Amino acid sequence: MNQQAAMDLRQARRSLWRERLAEDWRVFRRNPLGRIGLTLLIMFGLMAVCSYIPPMINPMYNPMTGVDPHIMASTGPSARHWLGTDFMGRDIFAQLLAGARVAFMVGVSAAFMAVVLGTALGMTAGYMGGLTDTLLMRAADMIMVMPTLLVVLMLAALFGQLNIWTIVLMIALFRWPGVSRVVRAQTLSLKQRPFIDAARVAGASHPRIIFRHIMPNVLPLAFLYMTFRVTSAIVIEAALAFLGFGDPGTVSWGMMLQWVWKTGHMFQAMYWLLPPGLCISLITLSFYMLGRAMDEVLDPRLRDETSAG
Amino acid sequence: MVTIKKFRRLLLNLPAAALLAAIAVLAVWAAPAQSAGNGILKIGVLEEPKSLNLWLASDAWSNRILSLMYQPLYLREPNSMELVPWLAAEQPDFDHKTLTCTVKLRPAKWSDGSDFTAEDVVFTGHMIYLYQMPRHYSKWKFIEKVEAVDKHTVRFVLNKPMAIFLSRTLTTPIVQKKQWASLVKQLEGSERALQEILQHDFEEPSVTGPFVVDKWKKGVFVYMKKNPHFFGQGQTIGGHKLGPHIKGIIFKIYGTADAAILALRKGDIDFYWNDIQAGYLKSIENDPDIKLFTNTKSGVYYLGFNLRRAPMDDVAFRRAVATLIAKEFIIKRILQGYGEVLHSMIPPGNEVFYNPNVPKHGAGLDRAQRVKAAYEILSRAGYTWETPPVDAQGKVQKARGIKTPDGKPLREVVILTPPADYDPHRAMSGQMIQEWLREVGIPVVSRPMAFGALIQTVKTQHDFDCFVLGYGKLALDPGYLRAFFHSSQDKPKGWNMSGYNNPEFDQLATESDETMDTAKRRDLIFKMQEILMSEVPYIPLYNPVLVEGVRADRFTGWVPALGGIGNIWSLCEIQAK
Amino acid sequence: MKRFIIKRMAQVVVVLFLILTVLFVLFRLAPGDPVERMVDPNLTLEEAEHLVEQLGLKEPILTQYGIYLKNFAMGHFGHSFHYGQPVAEVIWEKLPNTILLFTTAVILAALVGVSWGKIAAWSKGKWKDLAFTVAALVTHTLFLPWLALLLVWFFGYRLEWFPITGMMSEEVWLDPDTAWWQKAWDVGYHMMLPLLTLFLIHFGSYLLVMRSSMLDTLKEDYIVTARAKGLSEKAIRNRHAAPNAMLPVVTSVGLSLAFSINGGALTETVFSWPGIGRELVFAVSHNDYPLAQACFLLIATVVLFSNVVVDVLYAYLDPRIRY
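One line per chain: the protein sequences are A, B and C, in this order.
In case it helps, the working numbering puts the first sequence at residues 1357 to 1665.
In case it helps, the working numbering puts the second sequence at residues 4 to 580.
In case it helps, the working numbering puts the third sequence at residues 112 to 434.
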């Protein structure tokens, strides 16, 4: 293959991608579920971005360390604190914004890692076949049915304290099998296609075939799965924090709920109990709706996987 | 379809929604009847006891129940905090020359009806010695010999004078020989004897206390009934006329303080046996049905330094930090007034051993004065600034670029605290201290850390700068000063977490341990406090006040004491209204 | 079929062995020992060292591993550090409570979810479908602990209809005159809120799966044939479509079991329901390794075997699959 031809091919591929994206977007926009989900997500995204503002206005709005010098107990909403303050006089609204940032961070990075891992392992299993395939898929089967929250809980206990990135990594390590199963199935069907054979005959190496020819075709599928993984990662982190095993240096929504619960304010401070739970639930819902919508866009025949465990 | 028939068998097509609704309606209808005042006291707790085995169950929650069962020879009287004879009949007769102590026992019975004798005391001592019983061994290992002179007289022979003999050894709870002897015999020569002892579980432990466990529904409640053989029944001990006047006690186990306090407000329990956090007080202070008791604790909450590292190894640095901390402010703002300022590692409530004349760094100064004082201490020690915290006119300003005496920039110091949900007070104190130290330009961050990890980092790995921890229930005997600061305790897992090493202190500590004369010991302990507060390896911060709540309409006669109304005296004396 | 079951069982055993090994390695890798975290100034260094030795934490690692495997094989799960009791006993006390709450909730949720899913699919596009689907979506995505706290707040605190924690009233259980049905009633009464929580979280997923699978089934030829034969709509729905649409529901039960178990642990913790999930959380926060280990192993075993059961059931139900 000469240089020019390769360039052309790359360009053609790029424009094909662009067309496909535009088409997908059109389909997506027609889907009410997707529109609601996306709107909600954009809202949460804005919250995450805005989370940097309050601490800049006044250090007392720092979600973790800032305490209002005049308030030492939980107080209701006021002009100074839109959603009130927590038990030590920290601003709940600032915490809520910071929580959105943490949720995105945890959700997206855990999901991304899970998808990368799942895609890599799924493609390997599908492409290599044989013993590798059997071993990987049996492992996937077993990991898939394990209650991730309890597994991470055990690890948290063992190591005393997990920082937020360890938690993210743990979640990713236990959430890849779903992705890899689907990717493997797709890889198996791709393997039979003539263009893979052609590449092999042309002398392409295994990694080249996997990354150049198979990966572009399984990626959309993998990304669809990512939206589901995002939800489960957020929920697991929140649940872990709620049980008191989160990273004590991070303000997440689960952590906020734990503070309400553990400091005994759930009967007295609705303004504190409602927002974090509502946010976790809504962000879960929005990713879920987005996933469903994308599901319809990418492959109408695809079955969704609702399990968040 | 072939599957249909199989399915008809599997698929229960019940009108499930209707069922659910029915259950809901019925359940509401069947609200349980409130029990009438039947002389049973209901106490809310957050955790059930570990077990009824005295040797295993040593934590605070187990203690609430076990302290009503297993009894010591001497017990502290709540008003004077003096030891009064409990299972013993009179004060111990100690012969200083021969180091021999003779104790006469009260005629008492075990809950199974058999007699309590000197043999039981001897046996308990042997058990502790033989198995190096955790938490007790150190109080018994200096006992050369313990023997029964007659059925009701025990004689102890010590191999050296030990101050804790009276206050700690003789307050060890006694177990029944009859119950344990066979197991001990069986374990002869066993390598894991202690493990077997700790894991042993009796259906009905024999005890001498006022109550015995009658029914225990795991995870839900423990019912204790009156022990008919209790030796104190109707007696007057230490000026207290003892009952118990109640039929029994139900310990209800609530998972969270929320649920327990709500139960107290609704009248489901008569007493919540735990500290009520400041956050709840607002809602129950004005409740006419609830009576609150405030008592001091024997607690010390403090900031500790790691003396193995710079800059904490510099006494000037530590004194400057101590000067910058406004303890009154911590009490007022963080504890909302429920606490007392500490200036020594022994709380003022310990009237015998508390030394009121220790160096009090920065006491009574205002913010600006503190900054100036700390600035003076540091600059005299050779610290320099790019912008000092006090300008040429003597005005406080924002400090920048602090450098150590050798000219290097001061590195960041980390204060570790437990997480806010574990103890908001300590977490917030860490925050506060962080802000204060920054006023003179010391770069500090306060970092919450899960409790287990914190203990490990501080106590085992010694990998820290500063930490905020505390003890809520220190013994009245000041022997812990030695454990916390003696150089021999400075090793992984040892109690000297600071790495404090002072030969003079070591010597005083050892001497005080072996001084049995209270007045002499007091002088030594006073000196130790002075040394500690001058060198400040720990900065004592506060001692919280304990707030407990009872139903005002149910029982009277609660006995307030150091450590709260939840004590054996209260439960022996309260009467139904 | 028999061979299939045997093969799957063998797999489960291998996996359990692997889990055991991983647990063992993890527990030894963990920094520190449980004694170290006992913060009690009364416990001197010397005593602590002796205690660690006595608990068998100082043996050579392979010896420990051997003892550990042997004990597990023989059903000795060791003694709980916290309770000092054999772990099996602790679990045995709590297991019935979990089974009671969990199975009741899952069965109720499945029944309601499946029957409403059926209705929703049948009236696709109408308000009924929309209402059911939205309800399912919302309850399914609610954050469980939060839902539990809200229910406690509303039904327990505001309306005072139900007790907010625990599983029995001591008056009822201490009174010797109480009949068994009164005790059962008392437990049921305490169970309402946790049951409601678990039910709300779960029925949505059954509903959604049933609905979409039903919609797929309706496109199948045999439904068209049934219609052509002139069978009533109800008969087609209940006798022809529903049974076949159940297959994906059966699989989803297996797959979502992990999710349910997480939820169960959270629910038990919030409501102080003395079950296995709460015990695991408790053991974990009190560094009671043997207990945590055994609770986890029990849960893993249940999960793995239920998946075998689901597979077998699936094979049994679907005439197209033959092993």
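These are calculated hints, taken from the structure and not from any lab test.
Just to be clear, a hint being listed does not mean it is correct.
List of simulated lysine to any residue pairs, SDA-like, C-alpha gap at most 25 Å [said to hold, decoys possible]:
no. : chain 1 : residue 1 : chain 2 : residue 2
1   : B       : Lys221    : C       : Leu366
2   : B       : Lys148    : B       : Leu102
3   : B       : Lys228    : C       : Asp286
4   : B       : Lys401    : B       : Arg383
5   : B       : Lys494    : B       : Lys523
6   : B       : Lys229    : B       : Leu49
7   : B       : Lys494    : B       : Ser537
8   : C       : Lys294    : B       : Trp219
9   : B       : Lys112    : B       : Leu49
10  : B       : Lys228    : C       : Pro287
11  : B       : Lys148    : B       : Tyr73
12  : B       : Lys250    : C       : Glu282
13  : B       : Lys496    : C       : Glu282
14  : C       : Lys118    : A       : Thr1490
15  : C       : Lys239    : C       : Ser343
16  : B       : Lys229    : C       : Glu331
17  : B       : Lys269    : C       : Glu282
Computed footprint of chain A on chain C; a stretch qualifies when at least three of its residues, placed anywhere within it, have a C-beta under 8 Å from a C-beta of chain A [as the list claims (entries may be wrong)]:
no. : segment
18  : 204 to 217
19  : 226 to 236
20  : 244 to 256
21  : 376 to 385
This structure is a prediction, so every number in the text was calculated from the model and none was measured.
Built from N, CA and C at the ideal position, the CB exists for glycine as well.
Here is what the structure says about each hint:
At most 25 Å may separate the alpha-carbon atoms for a hinted pair to count; Lys221(B) and Leu366(C) exceed this at roughly 32 Å. Our distance criterion of 25 Å between C-alpha atoms is met by Lys148(B) and Leu102(B), whose separation comes to about 11 Å. At most 25 Å may separate the alpha-carbon atoms for a hinted pair to count; Lys228(B) and Asp286(C) meet this at roughly 14 Å. Restraint check: the Cα-Cα separation between Lys401(B) and Arg383(B) comes to about 19 Å, which is no more than 25 Å; the hinted pair holds.
With a CA separation close to 30 Å, the supplied pair Lys494(B) and Lys523(B) exceeds the 25 Å bound. Restraint check: the Cα-Cα separation between Lys229(B) and Leu49(B) comes to about 23 Å, which is no more than 25 Å; the hinted pair holds. For the proposed pair Lys494(B) and Ser537(B), the alpha carbon gap of about 23 Å is at most 25 Å, so the pair holds. With a C-alpha separation of about 16 Å, the suggested pairing of Lys294(C) with Trp219(B) holds against the 25 Å cut-off.
Taking the CA atoms of Lys112(B) and Leu49(B), the gap is about 32 Å. The hint is violated against a cut of 25 Å. With a C-alpha separation of about 15 Å, the suggested pair Lys228(B) and Pro287(C) falls inside the 25 Å cut-off, and the hint holds. Of the pairs offered as hints, the one joining Lys148(B) and Tyr73(B) holds, with about 23 Å between alpha carbons and a cut-off of 25 Å not exceeded. For a cut-off of 25 Å, the pair hint linking Lys250(B) to Glu282(C) stands: about 14 Å separates their Cα positions.
Taken as a hint, the Lys496(B) and Glu282(C) pair is broken in the structure, with Cα atoms around 46 Å apart against an allowance of 25 Å. Among the hinted pairs, Lys118(C) with Thr1490(A) is consistent with the structure: their alpha-carbon atoms are about 14 Å apart, no more than 25 Å. For the suggested pair Lys239(C) and Ser343(C), the alpha carbons sit about 20 Å apart, so the restraint of at most 25 Å is met. Between Lys229(B) and Glu331(C) the alpha-carbon distance is near 73 Å, which puts this suggested pair outside the 25 Å criterion.
Distance check on the hinted pair: Lys269(B) and Glu282(C) sit about 16 Å apart at the alpha-carbon level, within 25 Å; holds. Against chain A, the segment 204 to 217 of chain C contributes 0 residues with a C-beta closer than 8 Å to a partner C-beta. That does not satisfy the three-residue criterion, and the hint is violated. With a cut-off of 8 Å between beta carbons, the segment 226 to 236 of chain C has 0 residues touching chain A; three or more are needed, and the interface restraint is violated. Look at the segment 244 to 256 of chain C against chain A: 8 of its residues bring a Cβ nearer than 8 Å to a Cβ of that chain, three or more, so the hint holds.
Against chain A, the segment 376 to 385 of chain C contributes 4 residues with a C-beta closer than 8 Å to a partner C-beta. That satisfies the three-residue criterion, and the hint holds.
The structure fails hints 1, 5, 9, 13, 16, 18 and 19 (numbered hints given earlier, in ascending order).
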